[in-house]
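**Q** With chain A held as given, fit chain B onto it using these hints.
Those protein sequence lines, which keep their order, are chains A and B.
FYI, the numbering for the first sequence is 739 to 868, going by my numbering.
FYI, the numbering for the second sequence is 3 to 165, going by my numbering.
Heads up, a few of these hints could be off.
So the derived label-pair ranges between C-beta atoms look like this [claimed, not checked]:
1) A:Asp761 to B:Thr111: 26 to 34 Å
2) A:Ser810 to B:Thr89: 45 to 53 Å
3) B:Met28 to A:Lys865: 39 to 47 Å
4) A:Ser868 to B:Thr89: 47 to 55 Å
5) B:Pro86 to A:Ser864: 29 to 37 Å
6) B:Thr111 to A:Ser845: 34 to 42 Å
7) A:Asp851 to B:Arg64: 32 to 40 Å
Simulated pairs of lysine-lysine, DSSO-like, Cα-Cα distance not exceeding 30 Å [what the hints assert, rightly or not]:
8) B:Lys10 to A:Lys796
9) B:Lys74 to B:Lys109
10) A:Lys766 to A:Lys865
11) B:Lys109 to A:Lys791
12) A:Lys796 to B:Lys67
Don't read these hints as lab results, they were simulated from the structure.
Quick reminder that beta carbons are idealized off the backbone N, C-alpha and C, glycines included.
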Amino acid sequence: MAMTRDQIFQEVQGVLVDALGVDEDEVKPDATLMADLGAESIDFLDIVFRMEKAFGIKIPREELFPAESLISNSEYVSNGKLTHQGIEELKKRMPHTDLNDFVENPSVNKIGDLFTVDLLVNFVDSKLNS
Amino acid sequence: MRWIWIDKFIEFNSGVNAVAIKNVTMAEEHLHDNFPGFPIMPECLMIESMAQTAGILVGQARDYKEKVILAKINKAVFFNYVRPGDTLKIHAKIESITAEAASTTGKITRNDETIAEIDLMFSHIDQNLAGKQFPQENFVFTDLFGVVLRASGLPAPAPESLK
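The shape of chain A in the complex, shown without the other chains (with noise of 0.2 Å):
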């Protein structure tokens, strides 16, 4: 089912709503599911979920938020920063994502910063329309 982007990010600021308990008009692009939406660990889940019901598709948790599993493994990050191979890794796992703010200063606490509504789209775009 092809879809535009504009009725792709109203879908996304649907499930947001619902699963964050957020407001449409705080639901914008470059908003961060963490520090500007409040989302938990759990909420990732949820957003999955619902995604996957609004969309008609299978998302893998790795392949839509792949950071988890990048950070709990050693040769990825060292001092509290990716290593040059974490980077590699994060690109590799997240094609659609602006990363060149983030290798100014790789740090991990940072990476919840990537997660933004406009990542959302942009994978659910890339799902329904490559």
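**A** Only chain B this time, still in chain A's reference frame:
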């Protein structure tokens, strides 16, 4: 000890849905205080009864191999009071289930009236928080639940596997 907020399952379709019964009685001491002269079942205990019904449904779907813990209340809306003498039916349905978690929807009814709508999420904590220790009372399954299952004519795992 663990309070059990369901008396019996009357329907159980593995991995799909379940219906449990709760008979509310004036013998429950908390009703004497909630509230004096106006006993009603606290809403939080209706959520607990749904967590137990849905939690067992989720646990059974994976053969009770996962430690199932209530992780999120997605929705809890109440439409009427529940009084001593009422028989509640707690209807739970699995919406999604994966290795890490499950989401359920459900409603509580009295006769044909919807009393509450309660949607929950459960985490399979071995998949999510491996290695962390949690106290036994946090889990949905204790051997008392085996008693409820057997009393409902349903197969229950041996007590030691519920711990």
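**Q** Which of the listed hints are broken here?
**A** When the structure is compared with the hints, numbers 3, 5, 6 and 8 turn out to be violated.
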